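Novice: Read off the chains here:
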Amino acid sequence: MKNKEPGMSLIVKTITRFTVGLVLVYGIFITLQGHVSPGGGFAGGIIITLAFIQLMLAFGQDEVLRKLNQEKGLLLAGIGAILFLVIASRIFLKPQQHSFVAEKHFQLLSAGFLSLSEIAIALMVAAGLFVIFLTLVLLIEEEEKEKK
Amino acid sequence: MSLYFLCFILFCVGLYSVLRKRNIIKIIIGLGIMEYAVNLFLILVGYRMHGRAPIFAKDQEILNMVDPLPQAMVLTTIVIGLAVTIIAVSLAIRIYEKYGTFDITKIRSLKG
Amino acid sequence: MELHIILIFMIFAAIMAVEIKDLISSVIALSAAGLGLCLAFLILKAPNLAITQLVVEILCVIVLIRGTINKDLPLVKDGRWLFNTIATLFSLAVLLLFSYLALKELPNFGAPLMRVSQEYISTGLEKTGSPNLVTAVALNFRGYDALAEAAIIFTAIIGTLAIARKIGKKDEE
Numbered sequence: 001m002k003n004k005e006p007g008m009s010l011i012v013k014t015i016t017r018f019t020v021g022l023v024l025v026y027g028i029f030i031t032l033q034g035h036v037s038p039g040g041g042f043a044g045g046i047i048i049t050l051a052f053i054q055l056m057l058a059f060g061q062d063e064v065l066r067k068l069n070q071e072k073g074l075l076l077a078g079i080g081a082i083l084f085l086v087i088a089s090r091i092f093l094k095p096q097q098h099s100f101v102a103e104k105h106f107q108l109l110s111a112g113f114l115s116l117s118e119i120a121i122a123l124m125v126a127a128g129l130f131v132i133f134l135t136l137v138l139l140i141e142e143e144e145k146e147k148k
Numbered sequence: 001m002s003l004y005f006l007c008f009i010l011f012c013v014g015l016y017s018v019l020r021k022r023n024i025i026k027i028i029i030g031l032g033i034m035e036y037a038v039n040l041f042l043i044l045v046g047y048r049m050h051g052r053a054p055i056f057a058k059d060q061e062i063l064n065m066v067d068p069l070p071q072a073m074v075l076t077t078i079v080i081g082l083a084v085t086i087i088a089v090s091l092a093i094r095i096y097e098k099y100g101t102f103d104i105t106k107i108r109s110l111k112g
Numbered sequence: 001m002e003l004h005i006i007l008i009f010m011i012f013a014a015i016m017a018v019e020i021k022d023l024i025s026s027v028i029a030l031s032a033a034g035l036g037l038c039l040a041f042l043i044l045k046a047p048n049l050a051i052t053q054l055v056v057e058i059l060c061v062i063v064l065i066r067g068t069i070n071k072d073l074p075l076v077k078d079g080r081w082l083f084n085t086i087a088t089l090f091s092l093a094v095l096l097l098f099s100y101l102a103l104k105e106l107p108n109f110g111a112p113l114m115r116v117s118q119e120y121i122s123t124g125l126e127k128t129g130s131p132n133l134v135t136a137v138a139l140n141f142r143g144y145d146a147l148a149e150a151a152i153i154f155t156a157i158i159g160t161l162a163i164a165r166k167i168g169k170k171d172e173e
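Chains as they are written, first to last, in my numbering: chain B, 1 to 148; chain C, 1 to 112; chain H, 1 to 173.
DSBU-like, lysine-lysine: derived pairs with alpha carbons at most 35 Å apart: (1) Lys148/B <-> Lys106/C; (2) Lys21/H <-> Lys13/B; (3) Lys72/B <-> Lys166/H; (4) Lys106/C <-> Lys145/B; (5) Lys145/B <-> Lys21/H; (6) Lys166/H <-> Lys147/B; (7) Lys145/B <-> Lys21/C; (8) Lys98/C <-> Lys145/B; (9) Lys166/H <-> Lys13/B; (10) Lys21/C <-> Lys148/B; (11) Lys21/C <-> Lys147/B; (12) Lys145/B <-> Lys166/H; (13) Lys21/H <-> Lys21/C; (14) Lys67/B <-> Lys166/H; (15) Lys67/B <-> Lys98/C; (16) Lys148/B <-> Lys21/H; (17) Lys147/B <-> Lys98/C; (18) Lys21/H <-> Lys98/C; (19) Lys106/C <-> Lys21/H.
Restraint-style ranges between C-beta atoms, simulated for each label pair: (20) Leu109/B <-> Tyr100/H: 44 to 52 Å; (21) Glu71/B <-> Gln60/C: 44 to 52 Å; (22) Met1/H <-> Gln60/C: 25 to 33 Å; (23) Ile104/C <-> Leu161/H: 19 to 27 Å; (24) Tyr144/H <-> Gln61/B: 32 to 40 Å; (25) Ile65/H <-> Lys145/B: 14 to 22 Å; (26) Ile11/B <-> Lys166/H: 34 to 42 Å; (27) Gln107/B <-> Phe9/H: 34 to 42 Å; (28) Ser2/C <-> Met8/B: 43 to 51 Å; (29) Ile62/H <-> Arg94/C: 14 to 22 Å.
Keep in mind that the hints were calculated from the coordinates and are not lab data.
This structure is a prediction, so every number in the text was calculated from the model and none was measured.
For glycine and all other residues, C-beta sits at the position ideal for the given N, C-alpha and C.
Assemble the whole structure, with the sequences as input and the hints as a guide.
Specialist: Right under this line is the structure:
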């Protein structure tokens, strides 16, 4: 934190500008294709978290905190959890009606409510783990500041 | 059989770390190793010789699939292990803040 | 055969992670063990788990390094006396012996029982519409487990926030 501008060097920032969008899109892809190819809500959610963490490590935490602070992140995690609860109870009440589109396998929408619950899980895992990481980093910074 | 036994030796390495080390970070690392061993053991039990991954493909008939049930159980266990590790690290940081050390024999004082 | 090699590599990495003095080297050795686990999942035909393990490993290493860096490690003086170590090793050896007796009763490697899974494999695609059977089992056939595990993750989030909070700490003083 001796430098004038927070974060890492110019090279890291430039590379991050190129790659962070790709990582985010890959996370969304893994989430949405979880019923056709390997992947799913948990892995996709953590990849989305890693995109935010890369942004945070490269540009410093103020840049990220302006976009997504802890309260917003916790709100997103709660929305994801409640969404999963609603979808899951819908599945459990009527387990036979799994799909709301035509019976065609190997498509993006063919799994119906399974895909929706994947999206809810990914939202909860991504927002929740990012909030945890943010809290941990802020805790460490606080402690280091107190020591000096 | 020998694979199961090697897996159990891995578990015992983690257990030794939890029982015998005095540094909190070493104890967290031991918990992680034990978690790896248990996950690997569950997957080993469900493996079928010359099996295929439990994913249907579009045009081919796949007869010999491995057991999908332990894989589905372990999938969520891995993420829970990550959350447990993060909780343990934040507890360790709190302890370091209060006592100035990671040594567990130094933090027995009941200062509150 | 390659599974044996990977497992022995994992055991060596775990012993290094436990025994090395430097904390950051120890964390790196732990991540080596985790990547070995990822390879083992790939060989055991579990690509879902391999992806998840790889990603979790990265985040875990970031968190552990962030937590242990800049901590001036107060040289943990080894007050371990010989008797204690010998007692621990002896009890672990007894545990290994009984585990050997117990593991002999399991079905052979490569021939699982698969009574329930046969049903999942034969009817999973028609019932759930998802070709990936792991997703089908985790979210449809065993949906209550996924629900409870989501609850556990949410509890972990709340717990970390409660441990790391700053509000209320000032009032106490």
